[in-house]
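Two chains, two frames, a set of hints: combine them into the complex.
So the sequences go chain by chain: E and H.
Using my numbering, the letters of the first sequence correspond one by one to residues 1 to 81.
Using my numbering, the letters of the second sequence correspond one by one to residues 1001 to 1108.
What the hints contain is simulated information worked out from the structure, not anything from laboratory work.
What you are looking at is a predicted structure, and each value in this text was computed from that prediction instead of being measured.
A portion of the hints provided could be inaccurate.
[Said to hold, decoys possible] BS3-like cross-link-like pairs, simulated, lysine-lysine; straight-line CA separation at most 30 Å:
#1 E:K40 - H:K1080
#2 H:K1098 - E:K40
#3 H:K1023 - E:K7
#4 E:K40 - H:K1023
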Amino acid sequence: MAPTEIKRRIEQGIPGARAQVEGAEAHYSAVVVAPAFEGKSRIEQHQMIYALFREEMANQTIHALALKTATPSEAQSEKGL
Amino acid sequence: MSEDMLDQIKKEITANEIVMFIKGTKEMPMCGFSARTIAVFKELGRPFKTVDILPDPRIRQTLSAFSNWPTIPQVFINGKFVGGCDIVTEMYQKGELKPLVEAAFSKK
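Chain H on its own, in the form it takes in the complex (with noise of 0.2 Å):
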């Protein structure tokens, strides 16, 4: 595992409220997971940072090592990992998603 790669993961979860790693980008994602967790995002209606993982392979192998989690996309919030596309569309569902989300930015 590249120990640059991964301090630079590090930094853009713990300076990011919300940050997804993705398939492309927030304008064009790449892939129907990622498009539908950024719909799911844009509709709770706060900032986020997307970071596409397709220029360097490296980005995904390394994510994936550090949070134990084989697919894209992958949604950190405050910090922490959250999950993919199903189970923050569930969150999403069940209204578990906007409160932690407002958290994250009620912290600052």
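Next comes chain E alone, as it looks inside the complex (with noise of 0.2 Å):
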């Protein structure tokens, strides 16, 4: 699964979304910063994104999906996101 792909999912899948997606061989790692996280814990919010992959995970297409999540204000005030 190419990265952009999973970028576009990710996107298209929570209101708002931005995502930047690396990686490659069932291998990936994103950064998403979406409005929609706000007053959502962190497992929630990473609870989000794996129920867009549901399918990919359970057969392995994608074996790991470390995530960063923020909402846009903590986007700001942490640097780097």
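Listed below in structure tokens is the structure:
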């Protein structure tokens, strides 16, 4: 699965999300900033993303998807996101 | 989902202050993410239990259905799901993990 495809799916699946995705060969990492994360725990934020790739994670097309999530305000105060 | 398996998983989660479901063992983790998570908890210096999910595929199936979390490792502290490698690492870097761990042990 191409990182661009993962990025597209995240940005389509989570309203207002902005994603940077890297990786290859079933191991990827993504930084995702979305207003939809507001008021959600880190676990819930990651679950929202995993839910978009349920099938790929079950059949190991994606073995690992390392995640870093933030709301837009967190992303502003934490440089580098 | 196997009921016996679910009971066993729940028992591990409630019986241990810290328990993590990993690939391999504490001494010989079979996946980089499990290894990194173990390293974080070794750093924190409190005892923790590991459960190897590799010998029986039903462990992972049952666990992931229970926690709604697709990946391994999975860490539980004080009976509560805390997250996988990314969340645990981030919490550790932000200084949030140590207080959670200490609270689990001071409750006894």
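inquiry  = Check whether the Cα positions of K40 (chain E) and K1080 (chain H) lie no farther apart than 30 Å.
reply    = Holds: K40 (chain E) and K1080 (chain H) sit about 16 Å apart, inside 30 Å.
query = Is the straight-line distance between the alpha-carbon of K1023 (chain H) and that of K7 (chain E) 30 Å or less?
reply = holds (28 Å)
key: Hinted pair K1098 (chain H) and K40 (chain E), Cα distance within 30 Å   = holds (22 Å)
message = K40 (chain E) and K1023 (chain H) were given as a pair; does the straight-line alpha-carbon distance stay at or below 30 Å?
response = Since the Cα atoms of K40 (chain E) and K1023 (chain H) sit roughly 29 Å apart, the hinted pair holds (cutoff 30 Å).
This entry satisfies every hint, going by the numbered hints stated previously.
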